[in-house]
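Chemist: Using the sequences and the hints given, assemble the complete structure.
Numbering (the numbering used here), first residue to last: 1 to 207.
If you're looking for bench data, these hints aren't it; they were derived computationally from the structure. Cβ coordinates follow ideal geometry from the N, Cα and C atoms, glycine included. Fair warning: there could be bad hints in the mix.
Pair ranges (Cβ atoms, derived) [as the list claims (entries may be wrong)]:
1) ARG116 <-> ASP177: 40 to 48 Å
2) GLU154 <-> ASP113: 14 to 22 Å
3) LYS39 <-> THR162: 15 to 23 Å
4) GLU93 <-> THR162: 34 to 42 Å
5) GLU16 <-> ARG70: 29 to 37 Å
For lysine to aspartate or glutamate, the following DMTMM-like pairs were computed, each having C-alpha atoms within a straight-line distance of at most 25 Å [claimed, not checked]:
6) LYS160 <-> ASP176
7) LYS160 <-> GLU124
8) LYS4 <-> ASP45
9) LYS106 <-> ASP69
10) LYS5 <-> GLU124
11) LYS125 <-> ASP113
12) LYS5 <-> ASP43
13) LYS125 <-> ASP45
14) LYS106 <-> GLU93
15) LYS5 <-> ASP176
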Amino acid sequence: MTKKKINRILLKLSGEALLGKEPFGVDPEILVYLAAEIKSIVDLDTQVGIVIGGGNIFRGEGLAQSGIDRVTGDQMGMLATIINALALQDALERQGLVARVMSALKVNEVCEDYIRRRAIRHLEKGRVTIFSAGTGNPYFTTDSAASLRAVEIEADLLIKATRVNGVFSQDPLKNDDALHFESISYDKFYFKQAACHGYYIYCYVQR
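Modeler: As structure tokens, then:
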């Protein structure tokens, strides 16, 4: 049986992936590495969309635990993703790629508003399209945004680059007894409601 060619992917990068050796912010060496890896995918004639997190700068949930209003904290986290997206765009352009940053929040002076049809057009033209500011709504993670954008742009594949190596029964970074699933169906995932992956991700990807 001939395998279907993957024409379009959505790559989810955590903000922590940009830390590298740095305790905070963005490691320039990591940016160069990631940009080169993404270029190798583009060179395969694959369209690439990216959703990036902001945990290397701010994480809304963590800020809320320190006393900051949750909605305000999430909005700060959204702005952090825009910072990361601009940094990644610059690194991609230095690799000779054409890249666009689109935001779910209006910041027209630095990047485009997210419009689905325009995003698809960018991808069709071979532009690496970076989606920032999550879904634009508080209480939704950037993982939820990644699954939503993947469905919206009709991606053939959603890849999450993270410190968690697979699907677990609970967050393995917080629970040593978390069980790792080698494979899992959508329905089984729904009933497990794995804490480290999010219920809304299931709802989007099931479609």
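Chemist: Indicate, hint by hint, whether the structure satisfies it.
Modeler: We went through each hint and held it up to the structure:
The hinted range of 40 to 48 Å is satisfied by ARG116 and ASP177, whose Cβ atoms lie roughly 41 Å apart. Distance hint check for GLU154 and ASP113: the Cβ-Cβ separation is about 20 Å, which falls inside the suggested range of 14 to 22 Å. For the pair LYS39 and THR162, the beta carbons lie near 21 Å from each other, so the given range of 15 to 23 Å is met. One distance hint, 34 to 42 Å for the beta-carbon pair GLU93 and THR162, is violated here, with the actual separation near 25 Å.
Taking the beta carbon of each, GLU16 and ARG70 are about 21 Å apart, not inside 29 to 37 Å as hinted. Under the criterion of a C-alpha separation no larger than 25 Å, the hint pairing LYS160 with ASP176 is consistent with the structure, at around 22 Å. At most 25 Å may separate the alpha-carbon atoms for a hinted pair to count; LYS160 and GLU124 meet this at roughly 22 Å. A distance of roughly 14 Å separates the Cα atoms of LYS4 and ASP45; the hinted pair therefore holds under the 25 Å criterion.
For a cut-off of 25 Å, the pair hint linking LYS106 to ASP69 stands: about 21 Å separates their Cα positions. Between LYS5 and GLU124 the CA atoms are separated by roughly 15 Å; this keeps the pair inside 25 Å, and the hint holds. Our distance criterion of 25 Å between C-alpha atoms is met by LYS125 and ASP113, whose separation comes to about 18 Å. A threshold of 25 Å between alpha carbons decides the hint, and for LYS5 with ASP43 the separation of about 14 Å falls inside it, so the pair holds.
At most 25 Å may separate the alpha-carbon atoms for a hinted pair to count; LYS125 and ASP45 meet this at roughly 11 Å. For the proposed pair LYS106 and GLU93, the alpha carbon gap of about 23 Å is at most 25 Å, so the pair holds. Taken as a hint, the LYS5 and ASP176 pair is broken in the structure, with Cα atoms around 38 Å apart against an allowance of 25 Å.
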